[in-house]
Structures are given as structure tokens and as C-alpha cells.
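Asks: Residues per chain, in single letters:
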Amino acid sequence: MSILHTVNKSAYERNALESCLGHTRPGDAVLLIEDGVISARAGSTAGEKLAAAMAETGVSIYALGADMAARGIPEDKLVDGVKAIDYAGFVDLAAENDAVEAWL
Amino acid sequence: MKFGILVNEGPYQHQASDSAYQFARAALEKGHEVTRVFFYHDGVYNGTSYSVPPLDDRQVTKQWSELAKEHDVDLVLCVAACQRRGMMDDGEAERHGKGANNVAEGFRISGLGQLIETGIQSDRLVTFGD
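Taken in sequence, the protein lines are chains A and B. Residue 1 is where the first sequence starts when you use this note's numbering, and the numbers rise one by one after that. Residue 1 is where the second sequence starts when you use this note's numbering, and the numbers rise one by one after that.
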């Protein structure tokens, strides 16, 4: 059973991302939305945690493109391996995984 | 696939309602069904007919009303959250001796049981909040 985790807070504001990454299992997906996309910037402390999670836990990490654009984060500034998706991609992820968990 | 959506925050202060709306639109465009959107806590403010935002701003309540009309989406406002926040339909206004109905078109007031039912009857429940 795989879970899509959504994180909507910046790692510099709340610990939602860290809590989430501590509960993910191999095959899970994490989608960063709203202020959550701020954590996906390459060369940042939060970005390093994302890279480590992908390498160690085998989770896939995604960021919502519209929310990145609204916050001035271009795709080429994302941590390597983090994929930018649109709302249709969000819907696909929700459908492909068995459950959706929001880390509010 | 059947999607249920939970919105826990009001419009304009948080992005939750905007994100939920975009998700619902995208799901419907892909041919999925959005069985119900349940508005809880401050989320019930999304359903006030007294919202008159500037014309060049996004019309959050109106967008939800139109979505409900176009795709037959059930928009439910939590009754206990409404009572605390001054959201009334005709029945509630009469019961509490208040003057007006301020529930926008396409929304209805009902109980928390509707959220549980959505969780059971939908394939996925997607939550948007703070």
C-alpha cells in the first residue's frame, strides 16, 4: 500500500516536512504544495533533507508547478530528482496511490 | 474514481480553498467524479453569499457555486461550524431567530456525518487546510 503525502508548509516555518519524511515508506510519494514548495530549492538545508529521503527511503518527491511559479522558484532550481507537476499530475498521484495524507 | 474533498480554511486568508478548487477542476477534467466537498471550521466562510470581492480578484464563493452547478458537486457546510460563525440557511435562521439566509447557491448546511459518509463512499479523501 502506497500513500501520497501532501506537505503545504515551508520547512523553515513548521516541521511538517520532517514529520512526513519520518513516516514515509519505500514507494510512497510526497507532493509539496503551497508554501511546501519552498523546501524544494536546491542548495538549501531542506533541499538536502529531500535528497537524503529520496536516496535512503526510496520515496518520490514532487512539487506543484503553479505554487513554485507563484513563489519565484524555477524548475531548474529544484533539488535533483524532485519533479515539477501540474494539478492534473496531482490528481494522477492521488489516484495512483492508495490513500492521500495531508501533513497540515 | 470518486474523490471527496475536505476544506478546513476560509477564503483569501489561506490558500486551502484555492488549492482545493484547482484540484477539483483538474479531477473533473480528467473524468473523475467529485462526490462532495465538505467545508469545516473556517472553511464554511467559503459558502457565504455576502462575499463581494473586488471584480478583478478571484471570486472564490462564486467559483465553487459554478462548479457545483456545472458538475453536480455536493458542497456541504458543517452545521456546528456555521452556527459559531454566523452562517445560516432558512431553517437555521428560523430556529435561532436570526434574520437572513447567507448560504450561497450550490452550498447546503449539514452535519459531520456527511464528512464520514464521504470518507466511506469516496475512493480518496483529499484534505486542504492550514
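Calculated from the structure, these hints are not laboratory results. Treat the hints with care, since some could be wrong.
[To be verified] Estimated spans, in silico, between C-beta atoms of each pair:
(1) B:Leu55 / A:Lys49: 42 to 48 angstroms
(2) B:Asp130 / A:Ala99: 16 to 22 angstroms
(3) A:Lys77 / B:Leu112: 30 to 36 angstroms
[Stated by the list, open to error] Sample of chain A residues with no beta-carbon within 10 angstroms of chain B, all distances over it, derived:
(4) Asn8
(5) Arg25
(6) Ala29
(7) Ala46
(8) Lys49
(9) Ala52
(10) Asp67
The beta-carbon is built from N, C-alpha and C at its ideal position, and this holds for glycine as well.
Asks: Which of the numbered hints above does this structure break?
Replies: Hint check: 3, 4, 10 fail, others pass.
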